[in-house]
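Undergrad: For reference, the chains in residue letters:
Protein chains: 2
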Amino acid sequence: MEIKVMKNILGENDRIAAENQALFKEKNVYVINLMGSPGAGKTSVLEKTMERLKDKVNMAVIEGDLFTSKDAERIEKHGVPVIQINTAGGCHLDAAMIQQTAPQLDLDKLDLLVVENVGNLVCPAEFAVGEDEKGVVLSITEGDDKPMKYPLIFKESAIALLNKVDLVPFCNFDLKSAEEDIDTLHPGMKVIEVSCTKDQGVDAWCDWLLLRVRAKQGK
Amino acid sequence: MEIKVMKNILGENDRIAAENQALFKEKNVYVINLMGSPGAGKTSVLEKTMERLKDKVNMAVIEGDLFTSKDAERIEKHGVPVIQINTAGGCHLDAAMIQQTAPQLDLDKLDLLVVENVGNLVCPAEFAVGEDEKGVVLSITEGDDKPMKYPLIFKESAIALLNKVDLVPFCNFDLKSAEEDIDTLHPGMKVIEVSCTKDQGVDAWCDWLLLRVRAKQGK
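Protein sequences, first through last, are from chains U and S.
According to our numbering, the first sequence is numbered sequentially starting from 1.
According to our numbering, the second sequence is numbered sequentially starting from 1.
Note that these hints are calculated values from the structure, not bench results.
Zero decoy hints are in this set.
In silico EDC-like pairs for lysine to aspartate or glutamate, Cα to Cα no more than 20 Å straight-line:
id : chain 1 : residue 1 : chain 2 : residue 2
1  : S       : K149      : U       : E73
2  : U       : K155      : U       : D181
3  : S       : K70       : U       : D174
4  : S       : K219      : S       : D55
5  : U       : K149      : S       : E76
6  : U       : K70       : S       : E180
7  : U       : K70       : S       : D145
8  : S       : K216      : S       : D55
9  : U       : K27       : U       : D132
10 : S       : K149      : U       : E76
Just so you have them, the derived chain S footprint on chain U, three or more residues with Cβ under 8 Å:
id : region
11 : 31-39
12 : 59-70
13 : 114-121
14 : 139-145
15 : 148-156
16 : 163-172
Built from N, CA and C at the ideal position, the CB exists for glycine as well.
Excised from the complex, chain U in its bound form (with noise of 0.2 Å):
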């Protein structure tokens, strides 16, 4: 019984995500879905995105958080338009959110929309918002087992951001051992080791973003 209705719920989000999609599609945005633990660092790395991408695309993020406008906050001081969804306690954002919400943005002049997930590394990699691809950020600090014990997230995500890697010295994480695991999950996955505070790997995270905001673009 339970299950029934679960299925039910899964395939209306379904529905309402790809009628999410075919509107970006049609307004010609790439859009991502970036997941991660609660201060795995998604808005760290927003912050730097935004420093490098805003002069080149035209992106706006929306922002899914539990009751705070915290993260919105930092985001807004960059300039760059966003949204906040406040889920009032649910653990994921939906389809129908985002259905909600992308209207309130200038899509005819967006190349990039970043929908920042609530943080959560179960339950956002089974809902669909609408994307074209998702993005896990994993902080090394969370400890090289994660990946094989939350393998849905690394499997449904195009790329994983091993974020914080500074403190690499500092805490017993393999790097090797969890890339090894991720490629075991989701053979090929691209894996950029990331640190915001030492300014590493952003430039190659926001490459690979640009590629896709061009294709999407068919630049």
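Let chain U serve as the given structure and place chain S on it in line with the hints.
TA: For chain S alone, kept in the frame of chain U given last:
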């Protein structure tokens, strides 16, 4: 419609949680439901706890994970009875899972049962499993904004362990601000600064836990 279903699920969960609680009361077992983000250090805290307490009280652990038994293997090395629950993608433990699992433990001999929940700062806080109290482990590497961004888990928990405080010098984490936020969310809540690698705060946590166990036994 969806909200109605959710209420039914939560109502059913509360009913089973109450049954579990009655069983644990009859057996004089103190049960703590330990929650936190992926990689907050729940298992590391447990390893330190077992070192301190396993000769003082009869303890057992129920491990919640999506798929693997990595954490249960870490517990087993300490010679403490452990049962692994794999939720097969489910983002939290629920009362029914504990009801099915608990009879496999020798409850008559048990003083302390630690339920380590799935790594997730959102959903586990909504589902009681029959515990006496909840505890939350927050790694300081997650950022000092997390209590206000994930308030329910702090409101629901009797104790917060701020873990990995040895990394404070390398992170932008304001301990005072985080502790004030926690006190705003849950006035008077017990907060302990912990470092498992430096053995800091572990004694204070174990003393707190031991007092709870003894109180449950009426000693």
